Amino acid sequence: MNFNDPVERAALAGEFVLGQLSPGEQAEFERELARNREVARAVVTWQERLLPLALNVKPQAPPQGLWPRIERDIAVGVSSRAPKSAGIWSNLAFWRMAAGLSMAAALALAWIVLVAGPVSSSQQYVAVLQSPTDKNAGWIVETGARDSVRLTPLLATPVGSGQALQFWTKPDGAAGPTSLGLVPADRPTVVPGSKLPGLSPNQLFEITLEPAGGSPIGRPTGPILFLGRAVKV
Amino acid sequence: MNAPHSSFDYERTLAVCARGETAALRELYERDAAWLMGVAMRLVHRRELAAEVLHDAFVQIWQKAHTFDPNLGSGRGWIFSVVRNRALTTLRRDSREIATDESAFEDAADPSADPLADLTRSTEAQALHRCLLALDEQRRRCILLAYMDGLTQQQIADRLRAPLGTVKAWIRRGLIALKECLE
Numbered sequence: 424m425n426f427n428d429p430v431e432r433a434a435l436a437g438e439f440v441l442g443q444l445s446p447g448e449q450a451e452f453e454r455e456l457a458r459n460r461e462v463a464r465a466v467v468t469w470q471e472r473l474l475p476l477a478l479n480v481k482p483q484a485p486p487q488g489l490w491p492r493i494e495r496d497i498a499v500g501v502s503s504r505a506p507k508s509a510g511i512w513s514n515l516a517f518w519r520m521a522a523g524l525s526m527a528a529a530l531a532l533a534w535i536v537l538v539a540g541p542v543s544s545s546q547q548y549v550a551v552l553q554s555p556t557d558k559n560a561g562w563i564v565e566t567g568a569r570d571s572v573r574l575t576p577l578l579a580t581p582v583g584s585g586q587a588l589q590f591w592t593k594p595d596g597a598a599g600p601t602s603l604g605l606v607p608a609d610r611p612t613v614v615p616g617s618k619l620p621g622l623s624p625n626q627l628f629e630i631t632l633e634p635a636g637g638s639p640i641g642r643p644t645g646p647i648l649f650l651g652r653a654v655k656v
Numbered sequence: 028m029n030a031p032h033s034s035f036d037y038e039r040t041l042a043v044c045a046r047g048e049t050a051a052l053r054e055l056y057e058r059d060a061a062w063l064m065g066v067a068m069r070l071v072h073r074r075e076l077a078a079e080v081l082h083d084a085f086v087q088i089w090q091k092a093h094t095f096d097p098n099l100g101s102g103r104g105w106i107f108s109v110v111r112n113r114a115l116t117t118l119r120r121d122s123r124e125i126a127t128d129e130s131a132f133e134d135a136a137d138p139s140a141d142p143l144a145d146l147t148r149s150t151e152a153q154a155l156h157r158c159l160l161a162l163d164e165q166r167r168r169c170i171l172l173a174y175m176d177g178l179t180q181q182q183i184a185d186r187l188r189a190p191l192g193t194v195k196a197w198i199r200r201g202l203i204a205l206k207e208c209l210e
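Protein sequences appear in the order of chains U and F. For the first sequence, the numbering used here begins at 424 and goes up steadily by one. For the second sequence, the numbering used here begins at 28 and goes up steadily by one.
There are no misleading hints in this set.
Taking CB as the label site, the calculated pair distances span: (1) F:Glu164 x U:Ala484: 29 to 37 Å; (2) U:Pro646 x F:Ala161: 38 to 46 Å; (3) F:Glu54 x U:Pro646: 20 to 28 Å.
In case anyone wonders, no lab produced these hints; they're calculated from the structure. All values derive from a computational prediction rather than experimental measurement. Quick reminder that beta carbons are idealized off the backbone N, C-alpha and C, glycines included.
With the hints as constraints, model all of the structure from the sequences given.
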């Protein structure tokens, strides 16, 4: 396949979008697509060109129970059943790893709780925060005494001058995230329960990169460096 | 009926999905699920398969929202592509099963419906309409059978009673002509 010639590249991208490549050609094309931005651009250009045809189909009501099933499955982190070979749309390794890591962390905390005895009568949670880009687990959030949470770094997060790490949480269904304050990159931080908007299963925790002094608008403005959801232990 | 051409901010809504807010995914679902179901039905024909396609696609949209790049294309185009991609995967996987069960067509979106009818709502749609009509009829039919119905080159060759190599050439030349016309 010649990806350097613009006409050939556009024709291949069109054939890919139309699903006309043989399995072998498709695999070769997808390898290039994953690393060549010009090829990605050519694919998206065809998707956009042909989109009016898709928008022109006769609408069909989806089954009644479909949305509740989607909602349930994304809450428990079920992966779609796309095979890995289906290409760049379905790289599920990260999600499987995320589920595995959370489970490992949950088991570790369960052991600590069982051995050390409950620190509070309320529910115990743990969340492993991972980078959305390189998939590394960067921080662990655990509940402590009187519904406080402890945030512990697993690796060093680089922070430039004029920047700060800000810690956020959002219970499922909440309108937006609540700031839990700025956190140092290299040591644990304990956030008192009084600062939290409660604690519930699946609650989101995230760390964003903000200007020094924190987000000026009370909502995240910078990139999400790490995020994860609370799992009950 | 066309899907509403709206100023709804798909790109922002996908960014909110990437932050983990389920309400944003629900908003996308409520806006476009009926048209996405229509696209999936047209490709896989069976209602239960189309529902599976939609389910898997929405789980994928949720999981992959952070990879969407607004510098490359529109959020809505990305969402429709995820659904088409899932449907094509299902179609290729189950192709024998689907192809041999012609009765399944009864349950499908009317496969004879003219995909070009009413294709005039937006400027983009008008341009596509004009450029598709400017193609030789065989090239246009190949492109529409591939995009709308998900047929492979072999299936198109069978349908049009034309040699495989000829269909291959029609599609390629059709794509190049379409690109030139739209640019």
